[in-house]
Amino acid sequence: MANDKSSIDNFDPLWLNARLDNIGRGADKVIPLLQSIQKQYNYLPQPALKHLCDNSEITPADITGVSTFYSQFRHTPAGRHNINVCVGTACHVKGADLVYEGFHRYLGCAENEDTDSQRQFTINKVACLGCCTLAPVVQIDDIIYGHVTAASAPNIIKNFLARLDNRQSDDKKGANDKILSSANEIRISLGSCCTASGSKAVWDEAQKVIDRYKLPVKIKRTGCISMCHQTPLMAVVVNGTPHHYARINADDVPGIILTHFHPLGIIDKAACRIDAWMESLLLSEDRDTAVNRRRIDMNDENLSSFFGRQKHIAMERCGAAGPLDIDEYMETGGFDALKKCLDGKTPDNIIDIIKEAGLRGRGGAGFPSGLKWQAVRDHSAGKRGDIYLICNGDEGDPGAFMDRMLFESFPFRIIEGMLIAAYAVGANGRISSSNTTDGREQPSPQSVNPSLTKTIEGIFYIRTEYPASIKTMREAIDICERRNLLGDKILGADFSVKFTIVEGAGAFVCGEETALIQSIEGKRGMPTPKPPYPAASGLYGRPTLINNCETLACVPWIIRNGAAEFKSTGTAKSPGTKVFALAGKIARGGLIETPMGVTVRDIVNHIGGGIAGGRKFKAVQIGGPSGGCIPAGLCDTPVDFERLTEAGAMMGSGGMVVLDERDCMVDVAKYFLTFTHDNSCGRCTFCRVGTKRMLDILENICAGKGTAKDLVILEELAASVKSASLCGLGKTAPNPVLTTLKYFRDEYEAHIHGRCPAGKCKNLISYQVTDKCCGCTICHQRCPVNAIMFTPHIRHNIDDTLCTRCDACRAACPKDAVRIICKNQEAAA
Amino acid sequence: MIKITIDGKTVNIEDGATLLDAARSAGIDIPTMCHRDKNVSPVSCFVCAVRVGGSDNFVPSCATKAIDGMVVYTSSDEVKECRRRALELMLSEHAGDCAAPCSRICPCGLDIPEMMRRLLSGDINTAAETIMRSMPLPATLGYICPAPCQKGCRRTAVDTPLSIQLTHRAIAKSVINTSSHNKTIGTAQKFKNIAIIGSGPAGLSSAYFLTVNGYSCTIFESQPAAGGTLRTQFDESALPKNILDAEIKLTEDLGVKFILNKKINSIDEIYNDYDAVVIATGHQENNQLRLFDLEQGSHGVKTCHDTLMTSRQKVFACGSAVRPVHMAARSVGQGKLTAASIDNYLSGKSAHKPFFMNIGHLSDAETESLVESIPYTDKSKTPLSIIDAITDNPGRCLQCDCGKKNSCVLRDYAAQYGAHRLRYATGHRRQYIRQLYAGSGLVHEPGKCTVCGRCVNITREKGIIPGLSFTGRGSSVYISAPFSADIDKAMGAVLDECVKSCPVGALWFKQNGGSA
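Each protein sequence line maps, in turn, to chains R and W. Going letter by letter, the first sequence gives residues 1 to 829 in the working numbering. Going letter by letter, the second sequence gives residues 1001 to 1516 in the working numbering.
Heads up, some of the hints might be wrong.
With a straight-line cut-off of 25 Å between C-alpha atoms, the simulated BS3-like cross-links for lysine-lysine are [said to hold, decoys possible]:
id	chain 1	residue 1	chain 2	residue 2
1	W	1190	W	1314
2	R	530	W	1314
3	R	50	W	1462
4	R	530	W	1065
5	R	772	R	815
6	R	722	W	1065
7	W	1038	R	50
8	R	523	W	1003
9	W	1190	R	530
10	R	29	W	1314
11	R	530	W	1249
12	W	1462	R	523
13	W	1038	R	523
14	R	722	W	1080
15	W	1080	R	709
16	R	731	W	1065
17	W	1080	R	731
18	R	383	R	355
19	R	523	W	1489
Bear in mind the hints are in silico, worked out from the structure with no lab data behind them. This one's a predicted model, so the numbers in the text were calculated from it and none came from an experiment.
Turn these sequences into a full structure, and let the hints guide you.
Structural data, given as structure tokens:
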């Protein structure tokens, strides 16, 4: 990120020439080149774009087409720092729009501007930062803040600026520390969302304590710990036994660590005692009480309920594994599956195992992976030329963060899965190893003609909103290359693969495989008709295997444990497990992996611990913009591919946002349509215009201007868009509307009669102060638009014409005296 | 070769062919908008949608490869409905009128901007032809018409409306003694006889259009002179008799037979001698029409809304005989519609009702873009005599009709599929913008663009730099020239090809006006 204003404003052709030399000048390099310019200048200055055209194979038309397609790119100068307000599903239902308005107001940006007059900050709405359990979330440059409210905007900006001032070169610390597993260690997760809830501060404090008292223990970075509702979480492992402390802050750290570890030297011991005595004078609560309050027992009912119904396959060793500790990965069975394949299995054997296991694509559609692998192998077998493998990590669904967590936590597992896939679809069937003496069947050395040797290239396509994922995968690939797990003649076998990373540039539609291919080729991410399927003609017209990263993460487990073991979990048609991002109005949000076929009720009530705040469970939104809302009444629906589709939803990639009685279903439908209509590639009439018209209608309904005829047209359009769109995005875009119409039609009708039952739609509600008001003036102080007069000790009054329904007064009122009322009282009655 | 079934018909086709290729090879018509023959389809419009097998989904036939054994439906009601909805969605964002508001108001549908263009090019005869394609008695109407057209003139928002009536009158008068009329006859004789009862504006009009269409017409008039109310309602200062006489004479010259002083008391008197009968008697106070023994409505003879036929087979009615009409031009317009209905009836064809896009009121910014692009057209070729007669400058016409109104594929299919322009008018319409590139004469109206990508693909295929590009995404995607270049220059050598290829009125040349 460019922090120096001069570098933002002055385009330097020599700098760009150097980037061109580094990245390349081919037409397919347009996206990485634009990303590089955007990183340098925080926008795309036109002189830079013209220079790019003049000095590469990229045409002006390509530049315009591509740079306006992907939302990462901007064409107007931006502030020095980017404030990204996440408007993912979980953040939306928790008031992301109000947060955006709060920042906008605090920074004093003009009405249609996103940058303050000093050009210090630019605020953007971003699709999803994948920290759904901390919703609402705001990211400023690379710092993520969780549980943000509109009122906290000033503090966050101040905090950010303060951090900027004391920013030292401590970035190198922590993440790269390599620590071997040992009996004694302190485990702290530094995943994106843990960091957002403060685990970095916990880490820093722990390091300080260890340094100060020279304690005989090291800190280990782990990946996602799954229990987002308990973060920041620290596990202190003593003699192999972990002790967990949840929701701690930096102040708790010394007490917790010193409970388990004691200084060895006499001076350190003395210092420790003195510090503890000093502290006891200052604090009302003694240290032991504080420590015990934070301590959680994994056998506790809540946690056993959270974990008890889960089964970890893709997330195996969750919370214990160091993401980039390859030795640990290998000690715990990592790369055994790959070795097993290289040593004794033919590609056909492997494909048979995957088919037998019944593994289905975890990206959403659930296509049998074995058949896909077979198709790619068939299309390339016996033919010359390259094969491509693409790991689809373009997790664009707002409300989903499975892929991000898998990349950040289990990079080697995904690499291993991808290597096995590469071997299965691309190897020539020749096994190099002579290690066949253990009685295993000798694979037949079929098609060993060296002229038919193919180049296999694997690409990890990861969305740019996940910088930590990209960084982790890049390092993991480097490590694997150094260990000969990647590159030429992997582990001595006649099998060579090259892996690279391609950064997505912000387009949900690129999760669709044909659009993703277009994107890698440096084009606008517009889906193409199928057939031809990528297996036959994919990237650069070559046979291409595209699998979701969760699918690939399941592969090593299946090879190690066998197809039968995999099939023993889940349902007959949907074997295995599925990772879900459980967020929204739930007591225990987090990343969960459950066997297929568990019911929605099990997930919400047992794993999730029911609705937060004791409110009523209304629905669960599954599958993001392609999915739908399953009402509480259908919560015995088993979660598998077929049953969800029958209910009108869709597995999608696995986002699960729980909604309670305060969520307006029309607003939820409108939210998703806003997303899909903006993320349509704009190719087909039905998706491009049809979704826009549906959104018009939903906006009218939410504004109280809907009519009964609108519902007829809405249903008609939904059916048309579903049946006459080219790609998956268009075909599934109406699902949120169709399911809410099916299960919550009464809410639509209420809106048409001028009433929003959930009290959410701004045009249909107003805020009112009740007699409970004690005249404390807090609401007056919090109101950002001066709609509440300063009337101490007298009941306050809200001026409805000024009120923006920002909810600040209601949230702040100590007497619970502010209530939302339906504007149209007659309709309410 | 592979074998597929289209609408129950077995079709043999090369492997690799699309469903569109297969259908066309079998003589089955499938509409297309975005697809260019012999090119990879951009798959945008979905007007070529068809259904395969028992699927609930529709596929674009232009991009779907035929697979052996496929069963394809191209003309089921569901398929037609799908196409109609695609058209209606495109229309919902189509910011631009087909015809100018003045023409839409004119009961005879006179193409006023075209009349102005002809006049400005100095060709009075073709200007007159333009008028006479829309109406008989042009000079007569030029005198008596209250000119509702002028109330719709978009120029009103800038200064004053064009003097359409005076212009129309001056042109019509200037050719009254020439034989321009005959030039409008282009159809072969149909050897069918039509009787018209009454020679007022409605009767004369239906006779005129039927004759022009190759029918033999006989007008029965009870009075000694033809003209009906035209002769009785206006004094000499409002409508000089010599003008009316001359124009009725021209109608006679065209071949219409007048039988004067002949009162028809019963349709039976002529029913068997003619292939169709038109009742154009005007309003009859004394229940004269009851004698015709036709079903009556509240104001006169009852006619079918669609066919304009009365309760009796092959008997039609129009003008004040159906319901009192207070504007001669409206009666003329009805006579024209009746003639078209009779033609449909006798020839057994069913013409689609023409489609008209109508975006209504323009915002100030929209009007400004119209005025800035074509503020004045050079009037130097217009004969001074006309300019003097109308005391106005026909070059002020903003030409707010669509430059492609006669070749627009969207308009054509909208008529064919009965699309309704307001079906999905759920929100704000797109902004109407017209931009003229003076050098090439290119008129760009991005509000009409269907983003089909034809022009983008042509520039890409031909390697044009900078070329055109899709810009943005989602519902706000549009087509632009990179780096704010002029769009005509961005198309370079393929400008003509792109303009020709554009299926709608987003790209046209000013010099072609509405004639393209």
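Earlier hints that do not hold, by number: 2, 7, 8, 9, 10, 11
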